[in-house]
Amino acid sequence: MNRFLLPLAGFALLLAVLLVGLARAPQKSILPSPLIGKPVPQFTLPNLFDNTGQVSSDSLKGHWSLVNVWGTWCVECRAEHEVLLQIKQEARVPIIGIDWKDQNEDALTWLEQLGNPYERVGTDRDGRVAIDWGVYGAPESFLISPAGTVVYKHIGAMTPQVWQREFLPRVAAGPGA
Amino acid sequence: MKPARALLCAALACAALAGGGAALAVDTTPALPTPALQQRYYELTHELRCMQCQSEALADSSVGLAADLRVQVRELLLAGDSDDQIRDHMVARYGEFILFRPRMIWRNAWLWGAPTLLMLIGGLVGWRVLRARARLVDSEEAGSSGESLEP
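These protein sequence lines are chains L and V, in that order.
Oh and the first sequence: position 166 is 166 in this note's numbering, straight run, nothing missing.
Oh and the second sequence: position 63 is 1063 in this note's numbering, straight run, nothing missing.
It is worth saying that the hints were derived from the structure and are not from the lab.
For clarity, every value in this text was computed on a predicted model and none was experimentally measured.
Positions of the beta carbon are idealized from the N, C-alpha and C atoms, including for glycine.
Check each hint, because a few of them may be wrong.
[To be verified] List of simulated lysine to aspartate or glutamate pairs, DMTMM-like, C-alpha gap at most 20 Å:
hint	chain 1	residue 1	chain 2	residue 2
1	L	LYS38	V	ASP1088
2	L	LYS101	V	ASP1068
3	L	LYS153	V	GLU1096
4	L	LYS38	L	ASP50
[Said to hold, decoys possible] A few chain V residues that don't get close to chain L, going by computed Cβ distances all over 10 Å:
hint	residue
5	LEU1032
6	PRO1033
7	ALA1036
8	LEU1037
9	GLU1047
10	LEU1065
11	GLN1072
12	LEU1078
13	ASP1081
14	LEU1099
15	ARG1101
16	ALA1109
Please construct the entire structure, taking both the sequences and the accompanying hints into account.
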């Protein structure tokens, strides 16, 4: 009896490790961002609505903001668009868009047809700013504190549940570090 | 018979060439000016992960983001960054996960240490089993030699 105890314990341990791994597998594709708790990556991008204007990281200081990386080629972005419009209507957190690897005409048409939830939109045509933000799959949404710190990141389409469960409580908790 | 075989060979050659062409077309980043830099570019793009496809290296991925990251690796190499600086640049943006080969840092100690630890445990168990078996053989031999004395 005793000589089976050790192998059996080993087997049980292995089983537990594998089961935990299996249970966690679906979240594996969503990776933690190393940017959380760090100052926003600096950027200056051309303004989508005004060729002469610019959208920069400086405009994120002094108030909470939601930075949303999107593109007209991105299916999930269309899925979340309605939610972004609702967030705009709430008027608590302004949304800054980063239009990633897209065409100006396409982006303008998209916003004209579906409505514009963004306060400003910067156009990232070569994808450099998106790389600095560690973006790997649009849409991605970042919550930025008034101090200009990245507080939270959501990968994938924004939903009312995610907005209410993950974003709003952080805003309500007051200005983070 | 012969023309058929020639035709088959030609078809196979065409297929091989077409396949090779497709594989080469993935990385369209311009070559670096020196072979040494090109070699480092080759190694870096093979040890950095494509974040969108996750099990492919930057070098092998046809995804747009991988192409952008390859361009960035090239530019950092041209700017004179060391391999470690380029790895740090990527890790600062995408996290440790972008490295196919985990770094030797304390946070990864369990990862690097576990195989050694398991080998030691395995070795210890093996050694004890062998010793126990050897003892068994000894006593058996003693028993059989006792038997052989009898006529």
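Taking the hints in turn, this is what the structure says about them:
For the suggested pair LYS38/L and ASP1088/V, the alpha carbons sit about 16 Å apart, so the restraint of at most 20 Å is met. A C-alpha spacing of about 10 Å is found between LYS101/L and ASP1068/V, which places the hinted pair at or below 20 Å, so the restraint holds. For the given pair, LYS153/L sits about 17 Å from GLU1096/V by alpha-carbon distance, which is consistent with the 20 Å threshold. At roughly 30 Å between alpha-carbon atoms, LYS38/L and ASP50/L are farther apart than 20 Å, so this suggested pair is violated.
Listed as outside the interface, LEU1032/V is consistent with that label: its C-beta sits roughly 19 Å from the nearest C-beta of chain L, beyond the 10 Å cut-off. The Cβ of PRO1033/V sits about 22 Å from the closest Cβ of chain L, beyond the 10 Å cut-off, so the non-interface label holds. Separation of ALA1036/V from chain L is adequate, the least Cβ-Cβ distance of about 25 Å exceeding the 10 Å criterion. Every CB of chain L is more than 10 Å from the CB of LEU1037/V (nearest about 21 Å), matching its label as outside the interface.
Look at GLU1047/V: its CB is around 17 Å from the nearest CB on chain L, clear of 10 Å, so calling it non-interface holds up. At roughly 6 Å from the closest C-beta of chain L, the C-beta of LEU1065/V falls inside 10 Å, breaking its exclusion from the interface. Distance check for GLN1072/V against chain L: the nearest CB is about 6 Å away, which does not clear 10 Å, and the non-interface claim fails. LEU1078/V, annotated as away from the interface, keeps every beta carbon of chain L farther than 10 Å; the closest lies near 15 Å.
Every C-beta of chain L lies more than 10 Å from that of ASP1081/V, the closest at about 15 Å, which supports listing it as non-interface. No beta-carbon of chain L comes within 10 Å of the beta-carbon of LEU1099/V; the shortest separation is about 12 Å. Residue-level check passed: ARG1101/V sits 17 Å from the nearest beta carbon of chain L, beyond 10 Å. The Cβ of ALA1109/V lies farther than 10 Å from every Cβ of chain L, with a closest approach of about 18 Å, so its non-interface assignment holds.
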